[in-house]
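Order-wise, the sequence lines are chains A, B and C.
If you count the first sequence from 1, position 142 lands on 142 in the working numbering, and the numbers rise without skipping.
If you count the second sequence from 1, position 89 lands on 89 in the working numbering, and the numbers rise without skipping.
If you count the third sequence from 1, position 72 lands on 72 in the working numbering, and the numbers rise without skipping.
Bear in mind the hints are in silico, worked out from the structure with no lab data behind them.
Heads up, some of the hints might be wrong.
Stated by the list, open to error - When the alpha-carbon atoms are kept at most 27 Å apart in a straight line, the in silico DSSO-like pairs for lysine-lysine are as follows:
1. C:Lys48 <-> A:Lys130
2. C:Lys114 <-> A:Lys26
3. B:Lys4 <-> A:Lys27
4. B:Lys4 <-> A:Lys26
5. C:Lys48 <-> A:Lys27
6. A:Lys130 <-> C:Lys114
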Amino acid sequence: MSRTINEEAAVMTKVMELMTALDQVKKYRAFSRLLLDFAAIVLCSVVLLLALELTVNFFKIASGFPCYYSTASMFICGSVVGGSQASPIVQLLAGLSLFLIPAIGVLVGVFWVDRKLRSVRGGEWREAMKEGFPGALRLLQALDWDSVLEDMRISKIGYAVYSVIKVLGYWLLAFIILFFPYGFGISLLHTGINFYVLGLISLILVLVLIRRDLGRRYRQVVSLDAITWELRWFNSEFKRPEFGETGTIEEH
Amino acid sequence: MISKAWVIFILVLIISGQFLVLSLFHNVDDQGVIFGNSVIVIGKWNYVSASVDLLVLPSVVNGTPSQVDIVLPNGTSFSANNPSSGFSMRIKLPMTGFSLANGAISGPVPLSQDHPLNVTIAQNVGDATTYVSSIMASNSATSFQGLAVELYPIIIHGDAQVAISGYGVAL
Amino acid sequence: MNSKDQSSERQEPSKNTDVASGGKHSEFEGKKPDLYVIARIINVLKEKGSLNRTALATSTGLAYNRLSSYLDWMIEREFVAISDEGGYVSLTQAGIEVYDDLVRWIFRYVGKLKFPRLE
């Protein structure tokens with residue numbers, strides 16, 4: 001009898017661990033879906049930036065713009081030839097808009113994803129666990145295993161994609177930050193800026209700085225893999241004829 | 001309700017289209033200090049429609065501003081001797097032809113499919129008229145399948161700082 | 001639920017120890033009764049001892065008629081017994097054993113699961 005009580009407690013502990021893991025998987029699944037939202041928001045900001053650039057280009061061709069002398073970038077204005085001039089702040093914003101608009105898009109995307117993720121709740125199963133072993137049994141019976149395994153598969157992909165996006169984002173940021181000191185340092189040596197070298201340096205720097213985070217995420221993906229295999233095995237056992245379909249519990 | 005994947009696909013298509021249209025726009029700019037007889041040459045393919053801004057600021061030599069004379073491609077001439085305001089104008093160079101052919105030329109004003117609009121500043125060329133004639137002669141190749149080069153020389157006599165920037169759309 | 005019960009099953013068909021196969025009653029004919037409900041009823045009886053039907057229905061959270069169907073099914077398989085006085089429902093040894101079997105069965109497989117910690 002006490003052995004059965006121990007086994008009951010062990011079943012409940014295991015089911016709690018399973019449901020906690022599935023709650024986490026639910027968040028990862030929601031996150032994977034939200035990556036599409038994130039991509040759409042960032043792409044919209046790129047569309048907006050390009051539309052602005054096209055509009056200014058058309059203005060320049062047709063009737064001029066408040067910048068009469070410009071450098072390679074159409075947004076940066078130099079000295080004026082008569083006519084009107086955009087204020088320095090407008091010129092600065094226009095020059096920075098090449099980075100500002102996509103950066104705002106990324107920030108809005110991150111905010112959107114974060115807000116949606118906060119609304120993903122878990123733990124509804126705790127109420128059922130209060131019933132003891134029957135509650136744990138009910139939770140196991142109620143699980144849609146195909147859906148659970150599908151969620152795990154998509155979570156793994158989403159998690160891996162998120163890691164890649166994070167590295168790319170940090171790489172771009174490092175590239176921009178390092179550009180100015182690198183350019184200044186190189187100009188002292190009277191030589192040209194090599195963007196490949198700068199790109200490589202910033203990539204290596206980013207990988208070094210976030211190596212622990214990358215390692216953690218890699219372990220997470222491996223953990224998800226391990227859980228998937230465990231659940232696949234359990235699902236096949238749970239569905240075996242002697243356990244469920246004919247309703248007979250037979251020991252072999 | 002359209003799925004998110006289709007939304008992303010459509011956005012990527014829009015961005016691709018925008019990049020395509022953006023690639024039709026070309027800009028050039030050049031600046032420098034000139035003295036003596038100088039020639040600014042604007043070159044473009046005939047299928048390009050361009051707008052070019054020119055700024056000429058007379059230099060100050062020994063406290064005296066230089067007298068600068070500017071002769072436009074159509075023969076009109078202007079003078080400038082104010083170093084702060086100088087001479088400025090916008091020149092519209094319309095599209096005069098259409099061609100599906102692509103080509104490239106070298107020389108003082110190189111043109112290609114990627115750079116269909118170009119400017120060059122040649123300072124202190126000596127006899128400006130002779131220089132212009134030689135450039136026009138070297139680029140007077142007959143048109144090829146409707147593709148032709150158009151050159152617009154601007155002659156400047158005097159010491160000045162010049163800045164020229166142009167925007168063109170190649171259709 | 002083990003080979004011993006299967007042989008007794010052949011001699012005494014009424015002692016059908018299939019946990020979830022259909023019995024005489026049309027409620028479960030061709031369908032399986034819910035293992036969770038059976039476990040819940042047994043669990044409540046283990047905790048609280050004998051109860052009348054009404055109290056049992058309240059404790060298990062089941063509708064009275066649904067509880068009655070399950071009790072009829074369980075009586076048929078001698079998992080529970082009804083006293084003559086007051087109609088109190090109590091658990092039999094077979095009922096305790098089937099519950100223990102169920103726990104052991106689940107534990108045999110759930111117990112083998114290993115979950116690495118997810119952050």
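What are the numbers of the hints that this structure violates, sorted from low to high? Number 5 - this is the single hint that the structure violates.
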